[in-house]
Amino acid sequence: MEQIHTTNSLIGATKVDGTAVYNTQGDRLGDIHDVMIDKQSGRVAYAIMSFGGFLGLGEKYHPLPWNTLKYDTTQGGYVVGLTKEQLEGGPAYDEGDEPAWGDRDYEKKVHDYYGMPPYWMM
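Sequential numbering of the sequence shown, starting at 1, is according to the UniProt record's numbering.
Any given hint might turn out to be false.
List of simulated lysine to any residue pairs, SDA-like, C-alpha gap at most 25 angstroms [stated by the list, open to error]:
#	residue 1	residue 2
1	Lys84	Ser41
2	Lys15	Ile37
3	Lys60	Gly18
4	Lys60	Ser50
5	Lys39	Thr24
No lab work stands behind these hints, which were simulated from the structure alone.
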């Protein structure tokens with residue numbers, strides 16, 4: 001059975017992985033590495049953006065609240081109103097490490113850093 005992974009308003013999670021992330025000036029900042037979905041509500045909570053490093057070495061993973069991203073059909077990727085420096089200073093983890101998912105204090109710090117309301121309060 002052939003699966004449809006995109007429509008005009010929906011996209012399959014496997015298609016989000018690898019999608020480029022740009023700043024508002026059009027500079028490519030990184031790529032979506034994964035998404036985190038709230039099990040109870042079914043809403044996407046975070047996009048995990050891979051950023052930094054060279055050829056995949058030293059890459060960091062940055063959890064971005066999903067509501068920080070807007071899809072731009074012209075660029076074929078997501079746009080965030082963030083600078084490279086803001087991302088570098090934001091919450092991040094290394095490959096093989098796992099952030100404290102489910103710890104509301106940790107997750108609130110992520111949302112506070114980006115100035116976004118927590119997804120569980122929306």
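Status of the hints after comparison with the structure:
1. Lys84 <-> Ser41: At roughly 31 angstroms apart (the allowed maximum being 25 angstroms), Ser41 and Lys84 break the hint.
2. Lys15 <-> Ile37: Holds, at about 15 angstroms.
3. Lys60 <-> Gly18: 15 angstroms, holds
4. Lys60 <-> Ser50: Given that 25 angstroms is the threshold and the Cα spacing comes to 6 angstroms, the pair holds.
5. Lys39 <-> Thr24: 31 angstroms, violated
When each numbered hint is compared with the structure, violations occur for hints 1, 5.
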